[in-house]
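S.K.: Here's the letter readout for the chains.
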Amino acid sequence: MSPPTPFKISIPESKLQRLHQKLALTDFPDEVINTSNSWSRGVPLSEIKRLTHYWQNSFNWRSAEAHLNTFPQFTTPIEVEGFGVYDVHFIHQKSEVENAIPLMFLHGWPGSFIEVTKILPELVKGGKEEEGPAFDVVAPSLIDFGFSGASKKEGFNVDQHAEACHKLMLSLGYSEYVIQAGDLGHLIARFIALKYGPTHCKATHLNSALPAEPTATSHPELYAEMQKTPLTEAEIAGLIRTKAFSEEGNGYLRQQSTKPQTLGYSLADSPVGLLAWLYEKLHDWSDDYVWSDDEILTWVSIYYFSTAGPSASSNLYYENEHRSPSAFAAMQVYIDVPLGIVSFEKDVIVLPKAWNRTLGPIVFESTYERGGHFAAWERPDAMVGDLRGMFGRGGGAEGVVGRRGGYEGL
Amino acid sequence: MSPIRPYTIRVSQTEVDKLNQKLALSEFPNELEDAGRNYGAPLGEVKRLVTFWKDVFKWSVVEKEMNKLPNFETTIDVDGFGPLDIHFLHEVSSVKTAIPLLFVHGWPGSFLEVTRLLPFLQESAKNHGPAFHVVAISLPNFAFSSGVTKRGFGLQHYAEVCHKLMLVLGYYEYVTCGTDIGSSITRLMSKLYPSSLKALYTNLVPALPPSPWSLNPFPFLSFLARHILNLYTPAEKAGLEYTRYFQKEGMGYYNLQTTKPQTVSYALVDSPVGFLAWMWEKMHDWTDGYVWSDEEVCTWVSLYWFSRAGVESGLRLYYESTRGDEPARAGGYIPHTKLGLAYFPREMFRLPKAWGHGLGNVVYEKEHKKGGHFAAWEVPEAVAGDLIAMFGKDGGAYGCVKGNAGYASQPS
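Protein sequence lines, in the order shown, are assigned to chains A and B.
Counting from 1, position 362 in the first sequence corresponds to residue 362 in our numbering; the numbering is continuous, with no gaps.
Our numbering runs 1000 ahead of the 1-based position in the second sequence.
Any given hint could be a false lead.
Said to hold, decoys possible - A few chain A positions that, by computed beta-carbon distances, are all more than 12 Å from chain B:
1) Asp30
2) His67
3) Thr215
4) Ala216
5) Ser266
6) Leu274
7) Trp277
8) Leu278
9) Thr298
10) Ser314
11) Pro352
12) Glu365
13) Ala382
To be verified - Quick look at which bits of chain B chain A covers, simulated, 3 or more residues with Cβ under 8 Å:
14) 1058–1072
15) 1364–1378
These are computed hints drawn from the structure, not numbers from a lab.
Glycine is no exception: its CB is placed at the ideal position from the N, C-alpha and C atoms.
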């Protein structure tokens, strides 16, 4: 197997020029003002106007690009059975600690590999008893996202994504590994655990878990236990948040999972349209996180300049929904691979804790009042703490990767 | 009362030039191999339409043709929202006692949809059938009518504008032909203005299964029996199947537009390609094998693109229609106004005819073998035929408008 090819992001100048040509011609819609809830119908006009102006006049993509390029990136061809060979882009940073734990970080939507960049520098450190374990970190762009290739074919489903990610780890010499993931990444992680665990995938640490509700017929013991324990205030608040999402916040999901191509024309042709589409979620799904204009535009640019184009990222939503059973339903089964669940109270879908026990053997659990959907970006401290806690000395998943415990020496 | 003014459509050359500037910079997404239509509007079609729109389509020619229609404008005041300029077509029949008929469009339709009915209705007047005075409104936020950016402009306000337009034209009693959201608007009009709206015809029938709690148990028992024993006609079964399929695969735009219309508006206002695809997908999917010419598609899309209040304002109705005092409702018996229900095979919801009887006094009902959501455009002869039958001398709604039964000499 040939080694991965070193990669540096280098968007052609012509693409930047085209972007600026389009930004200069931007037409803005009018707006219905709701002073008590200015985000109720979507992103406020003043925000989009400000960001468009900044994008046109101040935002420096080359500078953002250079910062991303400080992380060691590669591409490697990965074969997916029945579909072909795909160019997978990824960050791969090895710890100086020889026995570092191989960790794959899987992003979601509207995120990207960038989400690992706040936690990575900490994760590769450590290795001494008092510091916690060290990790080798691998963070791919999912196929159809970032700088990985396009899926190109119908039916490229969560199963195929799982296969590609698993094979990526194998290609790097990591026959055993652990995963941290949220959003779409967490869906893929569940399938990796299902198909390749516990032989290869030794443990998963997940935010944004989506367990099914235990019923008297599906999980009689758990259900009986639950009847005895009332929901906490936080859990009730979580259910209310979840309900609000399903009533007001999942239009994007319904569109992307039924007519992604139709939506794609807009996202490909209008940079401001793409900005609004993604920024609405960056705002709505985070917990009072103060996004800088640079952050927002960097995240959006990764979609705008992506190899597969901004339309392709919707494909997985379509495939998930049209899979039989649907990807969401299929990954709710009990998977016997050590499981860590982190719950952020301000995430989008927040379900009662007891439900998580339907997913697998929980060896680590944590909850945070502060923090939302983009956990590794909003609360890197919490994520690093969790991973060290789960995989370090005395942690529920200590030593899961046989010969790579994350500490110096044996 | 504000006067009725003749109206001339005049889109500025600046706007036309800007559209072409943008089209020239179009960026297209890729498409999955063999995707067909499953994922949305096919790339080949969208590219072809965009090329036509840019290189062949001449808005000035289309505008000239549209200006041959009887276009008018008036100003209607809506309490709390101020005066709105309302554009409409008004074709007065040579038969003085013709039936005043208001055509109410939906999204992504327009007043244009009525123009295919006109020749058939005119023919009817000549051939001893009923005659109609036809009014086709551009709803507020659509085509050449004013936009409303104040929140809370709900279905009842659209209904108010429609009703007031008919009053301004001197039609104190009238009938309606409503499609898409126009169906909900006219249904609400029948609730709010029962002494004016004498009869209502629609092809989008907002029925619900009969309720077990209604005073007359028979419809519900019949429903149960048919449901359990699967006694629906083949057409009704197919209709239910299609309704289920549509709910699952075809409602993304609806979920989005009723919750985050502003977010999607940035893309649709900024990208003519994006907006064309957004509309074209529905124009294709909601019709029954109708062969749209590129010219037709670009005309419909341009009407939105060059609309007075912008593409985004046509979406507001969705957000408002699910909230407030008068959200769009399915079911519910509304007395007084006579109902004419038409069932076309490719309409969005195709529910058993028995359920439609729960909506009111159904005096006319027709199941068609061809046609879809834009029935008046696709199969105008069928829709006109329905109106002629419903309001003609043998029809269930004959003579419902006092003094305007649609015939040159009133029967004794």
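S.K.: Does each hint fit the structure? Answer for all of them.
M.R.: We went through each hint and held it up to the structure:
1. Asp30: Label violated. Min Cβ-Cβ 5 Å, cutoff 12 Å.
2. His67: The claim stands: His67 of chain A keeps its Cβ more than 12 Å from every Cβ of chain B (closest is about 26 Å).
3. Thr215: 24 Å, holds
4. Ala216: 27 Å, holds
5. Ser266: Incorrect as stated: the minimum Cβ-Cβ distance to chain B is 3 Å, not above 12 Å.
6. Leu274: Non-interface label on Leu274 of chain A violated, nearest chain B Cβ at 7 Å vs cutoff 12 Å.
7. Trp277: 6 Å, violated
8. Leu278: 10 Å, violated
9. Thr298: Answer for Thr298 of chain A: holds, closest chain B Cβ roughly 19 Å.
10. Ser314: 9 Å, violated
11. Pro352: With a cut-off of 12 Å, Pro352 of chain A remains clear of chain B, as the shortest Cβ separation is near 25 Å.
12. Glu365: 33 Å, holds
13. Ala382: 29 Å, holds
14. 1058–1072: violated (count 0)
15. 1364–1378: violated (count 0)
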